[in-house]
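If you read the protein sequences in the order shown, they are chains Z and D.
Throughout the first sequence, residue numbering follows the numbering used here, covering 14 to 418 in sequence.
Throughout the second sequence, residue numbering follows the numbering used here, covering 14 to 418 in sequence.
Just so you know, not all the hints are guaranteed correct.
Since the list gives no way to pick one copy over another, a pair counts as held whenever it fits inside one copy or between any two copies.
What the hints assert, rightly or not - Straight-line Cα separation of at most 30 Å, DSS-like style, residue types lysine-lysine; simulated pairs:
{"id": "1", "residue 1": "K222", "residue 2": "K141"}
{"id": "2", "residue 1": "K222", "residue 2": "K178"}
{"id": "3", "residue 1": "K125", "residue 2": "K136"}
{"id": "4", "residue 1": "K123", "residue 2": "K141"}
{"id": "5", "residue 1": "K285", "residue 2": "K200"}
{"id": "6", "residue 1": "K291", "residue 2": "K142"}
{"id": "7", "residue 1": "K139", "residue 2": "K181"}
{"id": "8", "residue 1": "K262", "residue 2": "K136"}
{"id": "9", "residue 1": "K272", "residue 2": "K401"}
{"id": "10", "residue 1": "K204", "residue 2": "K363"}
{"id": "11", "residue 1": "K40", "residue 2": "K136"}
{"id": "12", "residue 1": "K123", "residue 2": "K291"}
{"id": "13", "residue 1": "K125", "residue 2": "K339"}
{"id": "14", "residue 1": "K178", "residue 2": "K272"}
{"id": "15", "residue 1": "K40", "residue 2": "K141"}
{"id": "16", "residue 1": "K234", "residue 2": "K178"}
{"id": "17", "residue 1": "K142", "residue 2": "K125"}
No wet-lab data here; the hints were simulated from the structure.
Protein chains: 2
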Amino acid sequence: MARIVQKYGGTSVGDVERIKKVAERVKASHEDGNELVIVVSARAGVTNELLARARAVCSEPSERELDQLLSIGEQETIALVAMALQGIGVQAVSYTGAQAGIVTDTSFTKAKIQSIDASPIVKDLKSKKVVIVAGFQGVNVDGQVTTLGRGGSDLTAIALAAAVKADKCEIYTDVDGVYTADPRVVKNARKLEEISYDEMLELASSGSKVMQSRSVEFAKKYGVVFEVRSSFNYNPGTIVKEEVAYMEKVVVRGVAVDKDQAKVTVSNIPDKPGSAGKVFRSLAEANIIVDMIVQNLGRQGVANLTFTVPQGDSAKAVRALEPVLKALGGGEVAVYGQVAKLSVVGVGMKTHSGVAATLFEALAAAGVNIDLISTSEIKITVAIAVDKADEASRVAHGAFKLDTL
Amino acid sequence: MARIVQKYGGTSVGDVERIKKVAERVKASHEDGNELVIVVSARAGVTNELLARARAVCSEPSERELDQLLSIGEQETIALVAMALQGIGVQAVSYTGAQAGIVTDTSFTKAKIQSIDASPIVKDLKSKKVVIVAGFQGVNVDGQVTTLGRGGSDLTAIALAAAVKADKCEIYTDVDGVYTADPRVVKNARKLEEISYDEMLELASSGSKVMQSRSVEFAKKYGVVFEVRSSFNYNPGTIVKEEVAYMEKVVVRGVAVDKDQAKVTVSNIPDKPGSAGKVFRSLAEANIIVDMIVQNLGRQGVANLTFTVPQGDSAKAVRALEPVLKALGGGEVAVYGQVAKLSVVGVGMKTHSGVAATLFEALAAAGVNIDLISTSEIKITVAIAVDKADEASRVAHGAFKLDTL
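With the hints as constraints, model all of the structure from the sequences given.
Pasting the structure below:
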């Protein structure tokens with residue numbers, strides 16, 4: 014018997030038939046004697062429908078009203094999942110974010126969880142009820158509905174797992190777990206049994222779409238061990254935790270690729286203290302995520318900065334930079350189309366040298382030209398041509414023997 | 014400048030175009046300097062869609078979960094109406110039932126309002142915001158969502174009008190107001206400028222579909238004056254209040270017809286004390302509304318009971334009665350198809366004699382046969398054949414000169 018938090022995403026509860034399948038799955042676990050908290054997202058597609066209606070009545074709706082509107086998506090699912098469980102003889106009760114005592118700050122559409130009063134949930138668990146909680150949403154101290162932004166339902170599950178002191182947290186999704194590389198690209202990619210928080214974080218920020226960084230960060234901070242697994246089969250998934258077996262012996266744990274990047278070059282800006290700061294401050298204020306920053310000096314007195322941004326943000330980046338360059342007294346911005354970021358990640362890198370050399374040699378041997386390089390303690394990232402990205406994945410995967418480790 | 018509560022039903026907010034029209038209407042009243050609380054229902058059709066989904070996952074969902082589910086219908090509308098107002102430059106803020114402090118008992122699907130803490134709404138009104146409140150819903154003391162049952166949004170509007178001490182309450186619907194008879198049937202039917210609570214109550218229970226009795230009862234209890242009017246034009250509607258001009262001089266205020274009734278006869282039941290009580294207790298427990306009860310004695314020692322029930326409940330009535338007759342030791346139940354109830358209503362009847370005679374003579378002259386008769390202080394009701402009901406409406410309307418008064 015264990016206390017388990019399970020989270021099902023929008024695809025897993027996409028229609029009434031899938032909701033009934035989730036209910037069957039929950040029933041089986043409940044009959045094993047487990048105490049269960051089930052976190053669910055809105056049905057896939059519902060959020061977009063609601064947003065379309067919002068835009069039809071108002072071009073720029075307030076974020077408070079957007080949250081009031083969007084939160085009904087999960088409220089529908091919790092009620093339907095609770096009913097589906099009741100329909101097969103399982104006692105179940107649904108909680109909105111507010112009812113679950115999930116108190117957030119007042120940053121509508123991207124609120125941060127401040128506290129959870131889980132005592133009513135724990136009381137229901139003790140009386141053998143399955144508790145269904147709306148993911149993605151909370152309430153501020155004034156009782157206004159807030160939403161947690163992207164990846165919010167995962168965050169709800171992990172935060173609740175900490176609050177109810179769960180033995181386990183299971184994140185059900187449409188993939189089997191975390192792989193050494195994208196299995197659609199690298200045929201012999203392996204599912205990882207375990208991965209550390211830090212490795213998972215680096216993979217998340219490197220293009221692995223399994224989970225958002227903030228949920229992993231939250232889990233790391235509160236020591237919540239969680240498993241990423243599929244709701245469409247019963248295969249074991251990948252367990253994410255602090256300490257992983259043979260952690261330092263495995264040099265590279267996985268390869269991640271993000272093909273949706275653009276390279277931006279800011280050249281010939283006056284080389285004086287504060288120039289780079291002003292450039293990146295303006296991008297941060299425009300909410301653009303910048304990666305792989307490289308600076309070099311050009312002709313005397315001027316500097317060049319190169320970095321990557323998400324492809325969709327490149328035009329916005331140019332608009333944000335133009336006034337800055339004017340204020341700095343010179344410089345040009347150029348965008349170099351689409352590039353791919355390839356990252357190899359592993360905690361073991363910290364204590365092993367030669368990882369970078371192995372990667373660069375392998376890519377060179379395969380004729381993949383490296384455009385930019387950046388490194389962290391447990392990650393090496395290179396920018397390469399998009400049309401070389403799949404081949405580069407396979408080469409890197411092979412070079413670090415990820416199929417056999 | 015006045016403080017006004019306006020209520021818009023599901024048809025008035027049926028799609029985004031209609032929501033924008035409501036917003037224009039609200040804006041105009043707001044620009045006149047009024048403080049506005051807007052109560053809205055779910056978009057027409059949404060409740061049925063949600064119920065269909067509920068039934069698809071569970072044949073008998075719990076009422077708690079039904080309320081959790083159904084309440085999202087109004088939550089969608091309040092957010093969209095608030096956004097539509099913001100889109101045309103009006104400051105607006107939406108409140109769910111819970112946020113509006115509408116506390117009810119725990120009778121899910123038919124909750125009763127216990128208290129309203131309107132102070133946050135009043136604060137928003139004073140800062141010139143239009144306040145949009147979800148009709149039909151509240152919350153119990155444990156924070157569980159409840160719904161108020163049929164006519165719930167009207168009730169929300171009238172209860173809020175009392176709570177915020179509104180100068181006026183306007184119930185917008187798809188009819189122009191309360192008429193002396195159904196204008197589709199009686200060509201010269203007149204819209205009433207005013208009507209008393211008691212007359213409105215008798216009309217509501219007699220087949221006039223304008224409003225449910227409970228909202229009128231609530232308004233009468235708290236002295237809330239309200240106006241029933243159309244959201245599709247700017248015509249004045251009908252004002253409902255305690256004292257109406259020339260109240261006692263107008264003998265009959267209106268004619269109402271309910272064609273959806275069945276006549277039930279329970280014959281040859283043992284004529285002993287308590288028999289009738291048991292018969293009607295069993296119908297009450299089956300939630301069947303009984304009207305026009307007539308008892309007469311048959312052959313020695315047995316009694317016959319005749320009454321009307323809503324047509325759709327007649328089979329249920331038979332099922333409810335069969336075990337009772339068995340327990341009483343005899344009797345038969347028979348249902349006589351569809352009948353119509355025609356009622357004439359007016360506070361003035363109390364002090365005028367001859368109203369019944371005028372009605373019966375007029376119907377007789379038109380060849381309408383009267384099957385059953387029942388009367389209250391301010392109402393006379395007759396059961397007649399359905400195919401005579403329209404003609405009977407016109408005859409009664411003419412007999413009491415309702416077109417000219």
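Quick rundown of the hints versus the structure:
1. K222 <-> K141: neither (35 Å within a copy, 45 Å between copies)
2. K222 <-> K178: within (27 Å within a copy, 54 Å between copies)
3. K125 <-> K136: both (25 Å within a copy, 27 Å between copies)
4. K123 <-> K141: between (34 Å within a copy, 27 Å between copies)
5. K285 <-> K200: neither (49 Å within a copy, 87 Å between copies)
6. K291 <-> K142: Neither: 55 Å inside a chain and 39 Å across chains, both beyond 30 Å.
7. K139 <-> K181: within (17 Å within a copy, 50 Å between copies)
8. K262 <-> K136: neither (44 Å within a copy, 63 Å between copies)
9. K272 <-> K401: Within one copy only: 10 Å inside a chain, 76 Å across chains, cut-off 30 Å.
10. K204 <-> K363: within (23 Å within a copy, 85 Å between copies)
11. K40 <-> K136: within (19 Å within a copy, 47 Å between copies)
12. K123 <-> K291: Classified as within: same-chain Cα gap 26 Å, cross-chain 61 Å, threshold 30 Å.
13. K125 <-> K339: neither (36 Å within a copy, 65 Å between copies)
14. K178 <-> K272: Answer is neither; intra-copy 39 Å and inter-copy 61 Å both fail.
15. K40 <-> K141: Answer is within; shortest intra-copy Cα gap is 12 Å, inter-copy 51 Å.
16. K234 <-> K178: The answer is within: 14 Å in one copy meets 30 Å, while 50 Å across copies does not.
17. K142 <-> K125: both (28 Å within a copy, 27 Å between copies)
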